[in-house]
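Asks: Under my numbering, the sequence shown has 14 at position 14, and the numbering climbs by one with no breaks.
Treat the hints as calculated values from the structure; they're not laboratory data.
You can trust all of the hints, since none of them are fake.
Here are the computed distance ranges between Cβ atoms for each label pair:
(1) Ala5 to Ser27: 32 to 42 Å
(2) Leu3 to Gly25: 33 to 43 Å
(3) Ala5 to Glu33: 10 to 20 Å
(4) Ala4 to Ser27: 28 to 38 Å
A quick note: this is a predicted structure, and the numbers were derived from the prediction, not measured.
C-beta atoms are modelled at their ideal positions from N, C-alpha and C, and glycine is treated no differently.
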Amino acid sequence: MRLAAVDGRVSQFPRAWVAVSTHDGRSGVGWLEWNRNQG
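Please take these sequences and the hints and turn them into a complete structure.
Replies: Now the structure itself:
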């Protein structure tokens with residue numbers, strides 16, 4: 001997802017749907033997002 005502010009700043013939020021598990025046996029799925037500011 002790309003977000004643009006009126007003052008010209010841009011951020012991008014690449015997303016991935018992931019499966020996760022812990023060492024104690026718990027598991028689940030969800031979105032993993034990275035906030036990349038472009039200036």
